[in-house]
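Asker: Keeping their order, the protein sequence lines are chains A and B. Using the numbering used here, the letters of the first sequence map in sequence onto residues 1 to 254. Using the numbering used here, the letters of the second sequence map in sequence onto residues 1 to 62.
It is worth saying that the hints were derived from the structure and are not from the lab. Mixed in with the good hints, there may be bad ones.
[As the list claims (entries may be wrong)] Computed footprint of chain A on chain B, listed as stretches where at least three residues anywhere in the stretch have a Cβ under 8 Å from a Cβ of chain A:
1) 14 to 20
2) 36 to 43
3) 46 to 57
No experiment lies behind these values; they were computed from the predicted model shown. No residue lacks a Cβ here, since even glycine has one placed at the ideal position from N, Cα and C.
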Amino acid sequence: MDDTLTIAARSFRSRLILGTGKYETFELMRAAIEASGTELVTVAVRRIDFDEPGEDITSFLTEDILLLPNTSGCETAEEAVRMAKLARAGGLPDWIKLEVIPDPRYLLPDPVETLKAAETLVADGFTVLPYMLPDPVLAKKLEEAGCATVMPLAAPIGTGRGLKLRDSIRIMIEQAEVPVVVDAGLGAPSHAAEALELGADAVLVNTAIARADDPVAMARSFRLAVEAGRTARLAGIMEEKETAVPSSPVGGTV
Amino acid sequence: MNGREQAVEPGETVARLLDRLGLGGRFALVERNGEPVERDRYAEVELASGDRLVVARPVAGG
C-alpha cells in the first residue's frame, strides 16, 4: 500500500515520530528508534557543559533519520527564534519543532508567542512544526502563517493520559489542510491507534516508549498500533449504533 | 564562553578553539555576541578578547 505522510514536500513511510528524551542510555534509544521504524526524531538544544560533555547523541542516530530540533526551554517567541537560528547555523536541519512553554506545571504552550515565532521563522525559511493546544482557530492561523504541520497535544507532556482533548483534535483534523500530528500525552499504543483512527496524520511519542520497562518492545508496539490505526482509518470504520444489529441470520432457527 | 572566562590565542578561529577544547569532531552550535555563526564559517571567524560565546549542541529531548 502506497500511503506516505508528506510534510513540507518530504515523504515519510512511517507515521510515528519519536522523541529522544528520557532513555536510560543512547544505545537503548538507538534500538528503540530502529524498532519503531521512525524516520523523524526530535532533539533538544542545550549549552555544552565543558566539565562533563557526555556522549554526542548524533553519533547514535543514522543518516537516514531526519533530526527535528525543538525549542524546548524557550518561554518567549524571541527565545525560540534565537534557538532555531542557532540550530540551523550550526548544521542541524532547518526544520524546527516550535515549543514556547512558559508554564512548568502543565507544560502548556503559549499560543500568542507560538504564532509570533512561527510567523518569524517561516519568513526566515524554516519548516515549522508547532506544538499547540488543540485549538482549531489557532490551528488555522498557524496554517495561514505557513506552518508545515499543526501538532496538538493529546494531554500534557509526559502524562500518558491519552486523547483527553479528542473533540478539539477531531475538529482540527476536519479543518486542517496540513498534516495533524498528535504530540504529547499518549501513554499506550491504543492511544496512538485511536489518534490515527480519528484521522490524525501522525503521532509523536517519547515518554511512553522511553520509560517503558522494555523500550524496544514498546517502540515496536507503537509502530504496530500506528499502522493498525492508519489502516483502519483508510478501511472505513463503522458507525456506532444505539441498538444491537444481529450478525447471524434472524430466521431459520432450529 | 557559556558564562565563564576562556582565554583565546591571538587570531584564534572558532574551529581552532573547538579543536583545542576537544570538541572538534562533535556537533557544536556556536553563537558569538548574540549572533549565530554558520558552520561553514567556523574556520574563518576569528575570536577577539571580550567576545561572548555560547556553545551548544543537540541533546536528547522530546
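Asker: Now look at each hint and say whether the structure bears it out.
Answerer: Tested hints:
Using a Cβ-Cβ cut-off of 8 Å, 0 residues of the region 14 to 20 of chain B lie near chain A, which falls short of the minimum of three, so the contact claim is violated. Note: the region 36 to 43 of chain B has 4 residues with beta-carbon separation from chain A under 8 Å; the three-residue rule is met and the coverage holds. Three residues within the 8 Å Cβ limit are the bar, and the region 46 to 57 of chain B against chain A gives 4, so the coverage statement holds.
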